[in-house]
Amino acid sequence: AQSVTQLGSHVSVSEGALVLLRCNYSSSVPPYLFWYVQYPNQGLQLLLKYTTGATLVKGINGFEAEFKKSETSFHLTKPSAHMSDAAEYFCAALIQGAQKLVFGQGTRLTINP
Amino acid sequence: ETGVTQTPRHLVMGMTNKKSLKCEQHLGHNAMYWYKQSAKKPLELMFVYSLEERVENNSVPSRFSPECPNSSHLFLHLHTLQPEDSALYLCASSQDVSGYEQYFGPGTRLTVT
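Here the protein sequences line up with chains R and L, keeping their order.
The working numbering runs 285 ahead of the 1-based position in the first sequence.
The working numbering runs 784 ahead of the 1-based position in the second sequence.
Next up, chain L with everything else stripped away, as it sits in the complex:
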């Protein structure tokens, strides 16, 4: 595997389900990010991790819970989501949080029913 991988690629879940999105980067980077991409809206930064520490949390509802067990892996735990949470969730990584380009995974297309 190379670059940034995300699993699953597609996920359909009910509002009462609990699921997790997984991201793995194979680039030796120190920073990882979660973004939400909704139709007709700019990309929204959700969380930033630097060396496994959360450094940014952009007022994201508590039904989204990130976890970064090491610098290569990032999870997004989901529970009691709403239909408006349906979107493409993108993971990215960069060498460091400051001044470096970000490399993106293919995303997980989430549909909440």
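Next up, chain R with everything else stripped away, as it sits in the complex:
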């Protein structure tokens, strides 16, 4: 069965530091992959997605993620954290042709001034 694992339920970085949120998936077929962000009392907002083609994907707010098939990973990065990046981040996977988007458990990102 397909699953998504996010390493670390809580990540804390200093303002201006590198942000790295880890996501691994388990699937025999490379899925479509997504990162969503959820700010307090709001729904999920799509940050970026990988379907096919270039493995380095750029999203909104300066975030990017790289699909690595050999490592079954899709880690999210941002070179320099901003206070406004504090939120919960969800990685999700969708098998091509399937109806169900499988979510990881989420990572809460805290930015220290």
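These are computed hints drawn from the structure, not numbers from a lab.
Hints are not guaranteed to be accurate.
Said to hold, decoys possible - Label pairs and their computed distance ranges (CB to CB):
id: 1; chain 1: L; residue 1: R847; chain 2: R; residue 2: S365; range: 43 to 53 Å
id: 2; chain 1: R; residue 1: P398; chain 2: L; residue 2: S849; range: 43 to 53 Å
id: 3; chain 1: L; residue 1: S822; chain 2: R; residue 2: A302; range: 24 to 34 Å
id: 4; chain 1: L; residue 1: H794; chain 2: R; residue 2: L292; range: 30 to 40 Å
id: 5; chain 1: R; residue 1: M368; chain 2: L; residue 2: K806; range: 32 to 42 Å
C-beta atoms are modelled at their ideal positions from N, C-alpha and C, and glycine is treated no differently.
We have chain R already, so just place chain L on it with the hints.
Here is chain L on its own, set in the frame of chain R:
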């Protein structure tokens, strides 16, 4: 209105009440979803509708009853809920059920007393 809207944003109800959550998407999508988001738990998919037909029902208790009168509107009818049903209920839509990113509404924060 743009995107996906949900009403009400907050709802407090007793265990014997009957209430309904409403979701509307203004994106011209063909698929709609209900999710439950509880504290410290992964996002749980409850129902999936494609072109107003229910295509997935993830063993959700019968006290939750979805309704999709057209491709733009989705309801979740609630009756005789339990305190453990308190959660954030998120609605989402996508172009189709397969292989497309989902767009989320802001959610309804439900408290069952």
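Outcome of the hint check:
no., hint, verdict
1, L/R847 - R/S365: 43 to 53 Å, "holds (47 Å)"
2, R/P398 - L/S849: 43 to 53 Å, "holds (47 Å)"
3, L/S822 - R/A302: 24 to 34 Å, "holds (31 Å)"
4, L/H794 - R/L292: 30 to 40 Å, "holds (33 Å)"
5, R/M368 - L/K806: 32 to 42 Å, "holds (34 Å)"
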